[in-house]
Amino acid sequence: MKKILFITPPYHCGVVEVAGRWLPPQFLFLGASARRAGVEPVLYDAMGFWADHDDIVAEMENVNPDYVATSAITATIPDALRVLQNAKQLKPDVVTLLGGVHPTFMDREILAEHGDSVDYVIRGEGEETLRELLECLEAGGDAKGVQGISFRENGHVARTLPRPLFEDLNTLDRAWDLIDWTKDYTYYIFPGSRLAAINTSRGCNSECTFCSQQKFWARSWRARSPEDVLEEVEFLHTRFGVNVILLGDEYPTNDRARWEKLLDMLIERRFPIRFLMETRVEDIVRDADIMHKYREAGIVHVYIGVEATNQETLDYIHKDLKVETSKKAIDVLHRHGIVTETSFILGFPDETPESIRCTLELSKWYNPDFAHFLAITPWPYADLYPQVRDHIAVTDYSKYNLIDPIIKPKWMTLEDIDRAMVSCYREFYHGKMKEVLTMGDAFKKDYILTSMKLIMRSSFIVEKMGNLMEIPKQMAATMRQMAGATGA
Numbered sequence: 052m053k054k055i056l057f058i059t060p061p062y063h064c065g066v067v068e069v070a071g072r073w074l075p076p077q078f079l080f081l082g083a084s085a086r087r088a089g090v091e092p093v094l095y096d097a098m099g100f101w102a103d104h105d106d107i108v109a110e111m112e113n114v115n116p117d118y119v120a121t122s123a124i125t126a127t128i129p130d131a132l133r134v135l136q137n138a139k140q141l142k143p144d145v146v147t148l149l150g151g152v153h154p155t156f157m158d159r160e161i162l163a164e165h166g167d168s169v170d171y172v173i174r175g176e177g178e179e180t181l182r183e184l185l186e187c188l189e190a191g192g193d194a195k196g197v198q199g200i201s202f203r204e205n206g207h208v209a210r211t212l213p214r215p216l217f218e219d220l221n222t223l224d225r226a227w228d229l230i231d232w233t234k235d236y237t238y239y240i241f242p243g244s245r246l247a248a249i250n251t252s253r254g255c256n257s258e259c260t261f262c263s264q265q266k267f268w269a270r271s272w273r274a275r276s277p278e279d280v281l282e283e284v285e286f287l288h289t290r291f292g293v294n295v296i297l298l299g300d301e302y303p304t305n306d307r308a309r310w311e312k313l314l315d316m317l318i319e320r321r322f323p324i325r326f327l328m329e330t331r332v333e334d335i336v337r338d339a340d341i342m343h344k345y346r347e348a349g350i351v352h353v354y355i356g357v358e359a360t361n362q363e364t365l366d367y368i369h370k371d372l373k374v375e376t377s378k379k380a381i382d383v384l385h386r387h388g389i390v391t392e393t394s395f396i397l398g399f400p401d402e403t404p405e406s407i408r409c410t411l412e413l414s415k416w417y418n419p420d421f422a423h424f425l426a427i428t429p430w431p432y433a434d435l436y437p438q439v440r441d442h443i444a445v446t447d448y449s450k451y452n453l454i455d456p457i458i459k460p461k462w463m464t465l466e467d468i469d470r471a472m473v474s475c476y477r478e479f480y481h482g483k484m485k486e487v488l489t490m491g492d493a494f495k496k497d498y499i500l501t502s503m504k505l506i507m508r509s510s511f512i513v514e515k516m517g518n519l520m521e522i523p524k525q526m527a528a529t530m531r532q533m534a535g536a537t538g539a
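For the sequence shown, the working numbering assigns the number 52 to the initial residue and increments by one for each residue that follows.
For the record, the hints were derived by calculation from the structure and aren't laboratory data. Among the hints, erroneous ones may be present.
Now the in silico label distances, taken between C-beta atoms and shown as ranges [to be verified]:
(1) MET316 to VAL114: 31 to 41 Å
(2) GLN140 to ALA163: 41 to 51 Å
(3) CYS409 to LYS496: 27 to 37 Å
(4) PRO213 to ALA493: 47 to 57 Å
(5) ASP167 to PRO213: 24 to 34 Å
(6) GLU110 to ARG307: 40 to 50 Å
Quick caveat, the model's predicted, so the values are computed rather than measured. Think of the CB as a built atom: it goes at the ideal place given N, C-alpha and C, for glycine as much as any other residue.
Please work from the sequences and hints to get the whole structure.
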């Protein structure tokens, strides 16, 4: 049987790695698709376990695959392309495949500039496209009949018809056995835990102009049944000992009746599992009357996208949200002992030191447990891109990570934005640390303190703080007090 080697690109930016280590679930779907095509899948999680490109080459030499596949967002595309370039240098006749959000929209650019490394770009949802493509190639057929792919032909980029979105998510298989569970897939906040990421739905029907997800999913939303999700949760717990689950979908709560049914089923089964999730502000406010079910079902951490603290900016990015609604949502979560996390975007073209100060002060008023101060990033295919094109000062895609400023505002420099982000982090968490030390909820207090230690040790914070400013003595003292409170 021929082999396909799936490789996660070895990219790191210092924020995502703070919380834990998990495998992006798309590789498990794709692994199952390869099996249906009669090709043996092998998985190498280079990103998760900090492998470098030399390690990846060694793995390719060991596996000797017939196909090499990887996936990319904008920030990871340089590393993903290097993976495929190395595969071709090692074995010229290997077939290389590239999928993900960035390649879906930037396939022409990728194939025009890297056609010697990338044989096929899989656009959009990949499961059926991968299966059909592998079956076609194994049979010696013509790939032009496979929907949803792009490739070079006679010096030009050929694109087949788009593939319709998959109709029934309940029927999609996942190859969970591809994961080497002896490795440390864990949520650092709970020592000894075993972490897995699952999707209960796909898509988002919002219209935020800066976002990639609503564009990738064509502003659609589809969901798995509560029964199907519950079956997977039980399987992961009983078969692999998973006790922390990240709900990786952008919008799991869109259908309240379905979502409440899933909560009721989780409450009834009482799995010893903690859930982490993301959803929309409006749904938290909508579900205020059933928020106790969130907590009883095991949901301990909720991220909601606030993004901005003034209505003008929210309207500018088409975030269908009112400033006061975000405050209500955070307060609802606090009342039920659920850890809250949100983000605030800085660096718009009209940004000023005064507007950033306003964002910081309002972030304190919102008072989430965790706040991220991120740089607006213009994905080259996003609806926002044409509006900010003239202000883009960085073209290195590896910097498009929400951490490195890309847009130069009219009245500020990139360094100004960089310093402002660090200053916001420093001032927000300095106040938050003192608040948490007097918190009465023991679970939440320990959770937040442990998380803060991880944040302060992250490469992002250490590098930014070290390069741009010293930690004030008062903050350092608070950090030492915090470390003592958690036995560090």
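Going through the hints against the structure:
The supplied range of 31 to 41 Å is met by MET316 and VAL114, whose beta-carbon atoms lie about 40 Å from each other. The hint said 41 to 51 Å for the Cβ distance between GLN140 and ALA163, and at roughly 20 Å that hint is violated. In this structure, CYS409 and LYS496 meet the distance hint of 27 to 37 Å, their C-beta atoms being roughly 30 Å apart. Between PRO213 and ALA493 the beta carbon distance is about 52 Å. The supplied range of 47 to 57 Å therefore holds.
For ASP167 and PRO213, the hinted distance range of 24 to 34 Å is satisfied, since their beta carbons lie about 26 Å from each other. For the hinted restraint 40 to 50 Å between GLU110 and ARG307, the CB-CB distance of approximately 45 Å keeps it satisfied.
When each numbered hint is compared with the structure, a violation occurs for hint 2 only.
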